[in-house]
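Novice: Each residue of the sequence shown is one higher than the one before, counting from 473 in this note's numbering.
Mixed in with the good hints there might be a few duds.
Unchecked claim - As a list, the in silico DMTMM-like pairs of lysine to aspartate or glutamate whose alpha-carbon atoms are at most 25 Å apart: (1) 605 x 640; (2) 540 x 551; (3) 540 x 484; (4) 540 x 581; (5) 540 x 558; (6) 540 x 582; (7) 605 x 541; (8) 540 x 579; (9) 540 x 575; (10) 540 x 501; (11) 605 x 575.
No wet-lab data here; the hints were simulated from the structure.
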Amino acid sequence: MLGGRDPLAAVDGVSFHVDPGETLAIVGESGSGKSVTALSIMQLLPARVGQITQGSIHLRDRELTQLKEEDMRAIRGREIGMIFQEPMTSLNPVHTIGRQIAEVLIEHEEISSTEARDRSIAMLELVGIPSPKRRVDNYPHEMSGGMRQRAMIAMALACNPSLLIADEPTTALDVTIQAQILDLMEELQNRLGMAIIFITHDLGVVAQMAQRVVVMYAGQIVEQGPVHEIFERPCMPYTEGLIASIPRLGNAEKGQRLRTIPGNVPSLSER
Numbered sequence: 473m474l475g476g477r478d479p480l481a482a483v484d485g486v487s488f489h490v491d492p493g494e495t496l497a498i499v500g501e502s503g504s505g506k507s508v509t510a511l512s513i514m515q516l517l518p519a520r521v522g523q524i525t526q527g528s529i530h531l532r533d534r535e536l537t538q539l540k541e542e543d544m545r546a547i548r549g550r551e552i553g554m555i556f557q558e559p560m561t562s563l564n565p566v567h568t569i570g571r572q573i574a575e576v577l578i579e580h581e582e583i584s585s586t587e588a589r590d591r592s593i594a595m596l597e598l599v600g601i602p603s604p605k606r607r608v609d610n611y612p613h614e615m616s617g618g619m620r621q622r623a624m625i626a627m628a629l630a631c632n633p634s635l636l637i638a639d640e641p642t643t644a645l646d647v648t649i650q651a652q653i654l655d656l657m658e659e660l661q662n663r664l665g666m667a668i669i670f671i672t673h674d675l676g677v678v679a680q681m682a683q684r685v686v687v688m689y690a691g692q693i694v695e696q697g698p699v700h701e702i703f704e705r706p707c708m709p710y711t712e713g714l715i716a717s718i719p720r721l722g723n724a725e726k727g728q729r730l731r732t733i734p735g736n737v738p739s740l741s742e743r
C-alpha cells in the first residue's frame, strides 16, 4: 500500500487455487487482507493507494498481472464476476438496474440494446426477482437490500463467468435474506458450474458453502485446507479462536461471556 514515505505490505505471500465448480472460502477478521486479495485478483486496486509488487495471478493459462488494462477489462465481468459487500454503494444510483446489467452484456458480447434488455430480464428472473419485466426499470433505491443483492448477482453472472468472487455479499442483510442469497448462490453454482471465492468472517457461512477454506491474519495465510479438517482439527491458535468465538445455542451457561480473541490485528506499519 502506498501513501507514506515507505510502501507497506497489506498482503504478503498469499497463495491458493480454486478448481472449477469449487467454493473456496477466505476468512479472517476485518483488516486481515481478504478484500485486498479479491481486488488484487480483479486488478482493481486504486493506483494511488496500492499496487502489486511481486507474485503472479493465473487464470487458466494467462498471467493477469502482465495484462494491459484493456485486456483486463475484457476479463472482468466476462470471465471473472464479482459481488461486492454493499450493493447500494456498488450500483449506480442514477441508472436503472436493467441498464446496468445490459451495459455488461453490450460491453462483452456486442449485442443490441433490445437483446441486452431481454437478457437482463432473464437474469433478474434467474436470480428470483419477482415481476422482472417491471423491476428491470427500477432504480437501486426502489429495491430492498435483498433485491439489490440479487440484482448484483444477476449483473456479476450476466456473461456466465467461470469464476465468481463474492466479497462478504450477505453482511448487510438480515438472517432470513442472507439464507435466501446463500441458497441462490449454491443453486446457480450447480446450474452454471462456476468456481466461487467466498470472502467472509462468518464461519457458519463457510460450513454451509465451501469445500476448502483459507484463514488469513495480518495480510498472510496462516492455515488452509478442507473445511471439515480445519473445523475439527485446527492447527493455528488464531483459527481455534475464530471457531471458539462462534456462539453455540444451548452450550453456554447462564451469565457466561462469549469467547473472544484477545488483542487487535496489527496495523500495516506494525507487521
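Novice: So which hints don't hold here, by number, going up?
Specialist: 1, 5, 7, 10
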